[in-house]
Amino acid sequence: MNTFKSLVHEFAGMFVDDGSLAIAILLIVAVAGWIAMRFENTSVVIGIILVAGSAGALIENVMRTTRKANQGR
Amino acid sequence: MELASWGAAAPAVAASFLASLVEVVEAFTIVLAVGIVRGWRPAFLGTGAALLLLASIVLLLGPVLDRIPLHLLQLVIGILLLLFGMRWLRKAILRSAGYVALHDEAAEFSKETAYLQAEARHHRPHLDWLAGVAAFKAVVLEGLEVVFIVIAVGAGRGLLFPASLGAIAACILVLFIGILVHRPLVRVPENTLKFVVGIMLSAFGVFWTGEGLGVKWAGGDLMLLAFAILFLAIGAALRRLLQRPTLTVAQ
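Sequence order for the protein chains is W and H.
439 is the number that our numbering gives the last residue of the first sequence; the numbers go up by one with no jumps.
330 is the number that our numbering gives the last residue of the second sequence; the numbers go up by one with no jumps.
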């Protein structure tokens, strides 16, 4: 049972390490998806949201993590 | 497969090869510890059972994936790749900047060896079983990531076969070197590999998610390269900006 539990835990951990980064990515995709469903001819806008959003989420998350680590030293 | 098709498949093959290399090295460390401490029978039995389970997962998932509409498949896989790739990239940046300890195969080997030796003192009658489970768990856990990566980079464009070849090549390479040196493969630049794979998977993630949402990328597949360059630039810039002395403590 413990082996099964740890397998499930590890499987979830494949996609989520820092929860806030995962939530940010899902929010970006949700916004892009909402625009895709709601409006027409939005290819460029969705592309920009996905690229800029994921890059921005990564930068913000890494900067925040290192800032916290530096404050805790 | 024609030369042009191989050109299109190259990023998928490279991503699955490099990602599998990292995972197989980690699994190899545990299996080696089991084999050395408890003998090769439980190590091979645990590994064999795990490979059987992983093969069953691939065989079960293959036909199911064929029935899912392409856009939905691309969207789901794209989101999972984004989550997976960004997680690896984030960790690789933090490790290379010195904020998270580097993964140490030698320390991992010592930890697993110590665990098995402690278990030997307390649970001698069940020891082969415990050793087999340790090998099984390690191969399943690392193998699941390999299976996911192969499916994720291969399924969206019918590239499952070349992506699988990349993963199999990584397994053969690690086994070959492992048999030769007969100790943990500590010299594999794991964080650099994770950094590269994180970049590639994040690029695939953005690309597939966009295609799943109906985006027509200008330049087609070439945008994958553009995204990879963007994530590489971000990763390199963050590493340079945030660099502090590297932690050597193993996780």
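Hints in this document: simulated from the structure, not taken from any laboratory.
Certain hints may be false.
[Stated by the list, open to error] Examples of chain H residues lying across from chain W (beta carbon under 10 Å, computed):
1. Ser135
2. Arg146
3. Pro148
4. Leu152
5. Leu154
6. Ile172
7. Phe227
8. Gly293
9. Ala315
10. Ala316
11. Arg319
As the structure is a prediction and not an experimental result, all values here were calculated from the model.
We put the CB at the ideal spot given by N, CA and C, even for glycine.
Results for each hint:
1. Ser135: violated, 14 Å
2. Arg146: violated, 22 Å
3. Pro148: Violated: closest Cβ of chain W sits about 15 Å from Pro148 (chain H), beyond 10 Å.
4. Leu152: violated, 15 Å
5. Leu154: Holds: closest Cβ of chain W sits about 8 Å from Leu154 (chain H), inside 10 Å.
6. Ile172: holds, 5 Å
7. Phe227: The hint holds - Phe227 (chain H) has a Cβ within 10 Å of chain W, the shortest such distance being about 7 Å.
8. Gly293: Hint on Gly293 (chain H): holds, closest Cβ of chain W at ~6 Å, below 10 Å.
9. Ala315: violated, 12 Å
10. Ala316: With Cβ-Cβ at 9 Å, under 10 Å, it holds.
11. Arg319: violated, 12 Å
Checked against the numbered hints given earlier, this structure breaks hints 1, 2, 3, 4, 9, 11; the rest are met.
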